[in-house]
Amino acid sequence: MDHYTQVEQTVKEVLAKQSKMDVANIKSDALLAEDLRMDSFGALETAFELEEKFAIQIPNEALASVKTVKDIVDYIAEQTQEKPST
Amino acid sequence: MRKPRVVITGLGIIASNGVGTEAFWQANKKGISGTDALTRFDPRGIDCTVASEVNDFDPVQFMPKDVAKRVDRFVHFGLACTHMALADSKLDLNKEDKRRVGSIIGSGLGGLLFHEEQMMLAYEKDTLRLNPICVPRITPNAVSSHIAIQYGVLGPNIVISTACASGAHGVGEAFRKIQCGEMGVCISGGVEAPLTPFTFAAYSNLRVVSRRNDAPKEASRPFDLNRDGFVLGEGGAVLILEELEHALQRNAPIYAEVIGYASNSGGHHIVMPDPDGADASRAMSDAVKDAGISVNDIDYINAHATSTGANDRCETKAIKTVFDKRAYDIPVSSTKSMIGHTIGAAGAIEAAVCALAIKDQFVPPTINYKDKDPDCDLDYVPGVGRTANLSTVLSNSFGFGNCNACLIFSKFKE
Chain A
-19 MDHYTQVEQT VKEVLAKQSK MDVANIKSDA LLAEDLRMDS FGALETAFEL EEKFAIQIPN
41 EALASVKTVK DIVDYIAEQT QEKPST
Chain B
3 MRKPRVVITG LGIIASNGVG TEAFWQANKK GISGTDALTR FDPRGIDCTV ASEVNDFDPV
63 QFMPKDVAKR VDRFVHFGLA CTHMALADSK LDLNKEDKRR VGSIIGSGLG GLLFHEEQMM
123 LAYEKDTLRL NPICVPRITP NAVSSHIAIQ YGVLGPNIVI STACASGAHG VGEAFRKIQC
183 GEMGVCISGG VEAPLTPFTF AAYSNLRVVS RRNDAPKEAS RPFDLNRDGF VLGEGGAVLI
243 LEELEHALQR NAPIYAEVIG YASNSGGHHI VMPDPDGADA SRAMSDAVKD AGISVNDIDY
303 INAHATSTGA NDRCETKAIK TVFDKRAYDI PVSSTKSMIG HTIGAAGAIE AAVCALAIKD
363 QFVPPTINYK DKDPDCDLDY VPGVGRTANL STVLSNSFGF GNCNACLIFS KFKE
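Sequence lines, in order, name chains A and B. Per the working numbering, the first sequence starts with residue -19, numbered consecutively. Per the working numbering, the second sequence starts with residue 3, numbered consecutively.
Extracted from the complex, chain A is given alone in its bound form (with noise of 0.2 angstroms):
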């Protein structure tokens, strides 16, 4: 499984456990507002778990600026990816 899948997995995951749903129906384009009924407690409880789960930081203005959940998927994939070392 590539490092992206790994995140999306995991990433949907939470959000199943968070929205009560099950992962299976999470899909890429659902709208967190909208598809998956996540309002701002919900938000930052998953905020934090992910945080917890891939030992990074989401700042406010990403946590403002994700509507889908391939945005989530995007934004973690992109700041877990291992760096070339120098």
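Simulated from the structure, these hints should not be mistaken for lab results. Remember, it's a predicted structure, so these values are computed and weren't measured experimentally. Errors might be hidden in some of the hints.
[Stated by the list, open to error] With a Cα cut of at most 16 angstroms, we get these calculated EDC-like pairs of lysine to aspartate or glutamate:
#1 B/Lys127 with A/Glu32
#2 B/Lys71 with A/Glu14
#3 B/Lys67 with A/Asp19
#4 B/Lys71 with A/Asp19
#5 A/Lys50 with A/Glu14
#6 A/Lys(-3) with B/Asp68
#7 A/Lys0 with B/Asp68
Since chain A is already given, all that's left is putting chain B on it; use the hints.
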């Protein structure tokens, strides 16, 4: 201009001896204790192991699952009591001007359970990376705000924290605001969920709770010679207070009328009552004056009666100061003998008891009263409740820090 009259049109009660008004009232009439050995957590190292727990309560019966998941237990009690009280009042909020409906609730301690859980987790994990929604779960105003959010009410949204008198102040201040025309209806009351390890230990170490661990159902024994402190309990009550004209217009059920309220301080000590009961007697007298009645009109007193040596002695003294020789003819009973001391909920639950006593013309008993204390020599309705002609009744609440509130209720007459 004459002040609007205020009536009680709905009740919602949760206590250790009954969830729901009917279950609670029947248990109170029969003198059934809700106190028992603590089961909520391991009381390791705590001298007191008696508590008054609400065990047959499922929050999701009264609120959406998502809300239940994100609020502390004291808010569960507030939302559940509101749900029951509104249904009981038959008030259709969709037909109301919601700007004229308020939410005023007493809570002495706020969201302690969640607070403690997070503190313990922080120490266990050695990190202050706390749950991101700690603040709105812990803050005391969560209860009145969640009620306002769930029911869309837009009037005054206030939490009052006056320790053991919080619930009485919740009802009293709602009464005043309706009298002053600030709103027409108020979801008023008090809630508390103090059965958490740290809080339980803190009350125990203050040496104000009973250590009668071998006989937990007899631990709360107000006015009894061998009383040794109160039993910490949880629960809540919501009373729908309503301007009389509004209640009559919609043909609402009316339990009783709220006719008097007084609030004061003893300015004496952060946990001890004034030994002469001067502030307590002044609060009672002022409530009688506020009601525009005479002390001779009081037919029953629902006492603060915590089962501590000092409170019950001082309260008895204060009742004698106010009522003189007639003090011996007035039935005085203690709800706390059955459900323990529910701190911020107590005054509201006891206000509800007064409304039910008037409606049912019945004085509930003080249970576990066995041996007479020479300093406590009134008619405490020991063991068995009784029918009585109740026109006007008084409810006393005297909180730590000398936060006092007295309420007077009467049988509704047009």
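Against the structure, the hints:
no., hint, verdict
1, B/Lys127 with A/Glu32, "holds (13 angstroms)"
2, B/Lys71 with A/Glu14, "violated (21 angstroms)"
3, B/Lys67 with A/Asp19, "holds (14 angstroms)"
4, B/Lys71 with A/Asp19, "holds (14 angstroms)"
5, A/Lys50 with A/Glu14, "holds (14 angstroms)"
6, A/Lys(-3) with B/Asp68, "holds (12 angstroms)"
7, A/Lys0 with B/Asp68, "holds (10 angstroms)"
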